Amino acid sequence: MSTVDLGIPSIRPQHASPSSNLRGTQSFPDAARSELGDETLRGNLRHATATIQTKRASAVREVRDWQKLRNAGSALKWQVTDHLPELLEQLEDSVTAAGGVVHWARDADEAGEIVTRLALERDAQEVLKVKSMATQEIGLNETLAHAGIHAIESDLAELIVQLAGDTPSHILVPAIHRNRAEIRDIFLRSMPDIDPDITDDPAALAEASRRFLREKFLDLPGGVAISGANFAVADTGTMVVVESEGNGRMCLTLPRTLISVVGIEKIVPSFQDLEVFLQLLPRSSTGERMNPYTTLFTGVTEGDGPQEFHLVLLDNGRSAVLEDPEGRSALHCIRCSACLNVCPVYERTGGHAYGSTYPGPIGAILSPQMTGMHGPDDPNTSLPYASSLCGACYDVCPVKIDIPKILVHMRAEDVDQRRETSGQFRGTWDVAMKGASKLMSSPRAYDKAVRSAGPLSKVLPGDNIGKLPGMLPLVPGWTDHRDLPKPGTSFRSWWDARERDRAKNPDSPSSDSRTGGPDAAADGPATDEEQA
Amino acid sequence: MSDWTDERPTRTPGVSAKDEILARVRSALAVPRRDEVTDAEDVPRAYQRADDKQEVSTDRGKVRDVLVQRLEDYTAVVHRTTADGAAAVIAEALGDAARVIVPPELPEAWTSSVTADVSQDDGTAGPRELDDIDAVLTGCHTAIALTGTLVLRADGIGGRRVITLVPDHHVVVVEEDQVVLGVPKAIERMAEDPRAAWTMVSGPSATSDIELSRVEGVHGPRRLDIVFIEPEPDPEAEAEAAVKKASARKPTAKRSSTNPTQEKTA
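Read top to bottom, the protein sequences are chains A and B.
Going by the numbering used here, the first sequence opens with residue 1, and the numbers climb by one from there.
Going by the numbering used here, the second sequence opens with residue 1001, and the numbers climb by one from there.
Since the hints were derived computationally from the structure, they do not count as laboratory data.
You may find that some hints are simply not true.
Between beta-carbon pairs, the in silico distance windows are [unchecked claim]:
#1 A:H150 - B:P1233: 57 to 63 Å
#2 B:A1191 - A:S190: 42 to 48 Å
#3 B:E1108 - A:G303: 18 to 24 Å
#4 B:P1107 - A:H150: 43 to 49 Å
Model, not experiment: these values are computed from the prediction.
Built from N, CA and C at the ideal position, the CB exists for glycine as well.
Produce the entire structure from the sequences given, and follow the hints as far as they go.
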């Protein structure tokens, strides 16, 4: 590989446009803190993630060759990354041969410009959309709105989110953070012809959305619809869209013009390879043997469906993900969301805390790589730490992305980056670590330090030590994201007291084991990180 | 408070978006992965493929039963019949639909007992017109037993995609030779014409978007009926096949667990 043709050598991979929905305004711990206070959210999430997890597990258990399918899926995705330039050109040729038009978008802004121009050229004032992560990522609805084009989400959950002026919080069920009563209120507020006595029964609410959208669908002929794609087959130019409600079929069949915005990593080498992914995706995603509807179309079919097809191939930071050999498999993701549902962190914080279109474990490795981690104040620098490294995400991943390993790799990168910056680790952390090592190498100094910890901590309010001011000699930063129980007594003081007690009172069993705190102190700061 | 800058990605003047993206990707991949590059032939195909023995040799009766069970699992209504009974069963499956649309090449026999007003799709009806039609009757290209999936090709039998989408009731006729066991065999059949417009249907349209409770019937047809035309039970042929099977089997061979019913008839 030493003599690789770099094309134009000065061109380097680029991160995503800053306008992309890939970075929140707060760091993960700060955002998580406010989300955790929301009882409704936590209840909904617990119920939802538990339900899908169970369904997924039983759907997967049915498949005897599941692990072999995962191996094939993983290898196919490596084949795609290793041969991406050739496969992209092959895809372009196949789509063009089938009557489609291929556009290339370097970043979110360029993709927005292309879609807007296509829609304006067709006088579209309203476009219908099929749920698509890529268009959410590039903020397409907002871009279109600037040009006076109203984009309507046709997936029920996306519609709920859109009508509420909200952002999605789950890849598969974007409105997972809303319960039925909230959804009823949202509908009552924003659907003009809705029955004011509608109940919060999910069937009634789904029916209301059917009526609301039906008219829009029936008016689609002549219009424009926008979709993403789950898979883009290089050898045939076939787009595959997997869905449940039928809104996808409507948008892929009824308009005159169809525009699909697809990330460059969505490629599947050959049509035959769909036999792997169409088994892996539905069972991992919704826990069904097969999702209700899957549409496969290639370019333009005469007399059936859209008579104009535009494929927008999107980079927007994907080339930057490819640049890191340790992290590039994050691009193998087929957006099934199985890793979200098993993640103990996601289950508690929900998707909004991640600040990106891509939440959960996969988001924690994908978003920061797409945007880059620009130092300690960049919210996305905090994402690789949004994990207990329990490994459940890797076990369920249908294409075997080793998320925990990439998380650790990215944490190391962050630390290395901070080492370069004075005032970061080289300053405080190094001093603190040096101090700790001195303290711990002398039994006498250590004894003194731990014995004084109890009385000293009494000046702090509450039962736990929260965030400490950085100038305290306790490792700064460590307490930023961790509460630790106050040390009641050091083990040595507790032992001394116990021995004294025994000498005085030889029959009674030690009564102070609950209040004396060696165990409390011991399981304090360690649990979060050490399960790895 | 943000002490970081997020620069816009650079675009190289004078270079097309396509060339620039490809150059970015090539430059990114110039740092190789630590292990080998994966080529198409390196993909481990140890999973059950189209020629897997389970796909090839599972007893057909059993495959049909699995299909029916999986279809019903998705709350589709399945009517099992034979070629002779098909016309009557199709009429029954269409229920009280007054207006029915069919694709142009649908076998005429299938609609011979239908009393409703049957119109043949001439490729002109738009969604507004189709919205007034009560039901659509089509054939099918492939049916996948293990997943309960009907694969429709947009042709003279499967119909234009829009006619199987807008009417609220879809009746699909499935014939025995279209049934496969697993997804790989279905993809193999579809790969003979990959550029067609394909729709894979597994049960009626559904959503689980509200608190994950499944609601049947959102935008696609809310009712799905399957008329399954199975082979006539032919006692002579069946006995013959069973004898053939028995003689082909070595005396010490283990009994195949997949076709206990046929072995009893021998």
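Next on the checklist: Taking the Cβ atom of A1191 (chain B) and the Cβ atom of S190 (chain A), is their distance within the range 42 to 48 Å?
Outcome noted: holds (45 Å)
Checklist entry - Is 43 to 49 Å a correct range for the gap between the Cβ atoms of P1107 (chain B) and H150 (chain A)? => result Holds, since P1107 (chain B) and H150 (chain A) (Cβ atoms, about 45 Å apart) stay within the stated range.
Item to check | Range hint 57 to 63 Å (beta carbons of H150 (chain A) and P1233 (chain B)) holds or violated | outcome: holds (59 Å)
Item to check | Range hint 18 to 24 Å (beta carbons of E1108 (chain B) and G303 (chain A)) holds or violated | outcome: The hint (18 to 24 Å, Cβ to Cβ) holds, given that E1108 (chain B) and G303 (chain A) are roughly 22 Å apart.
When held up to the earlier numbered hints, the structure conflicts with none and fits them all.
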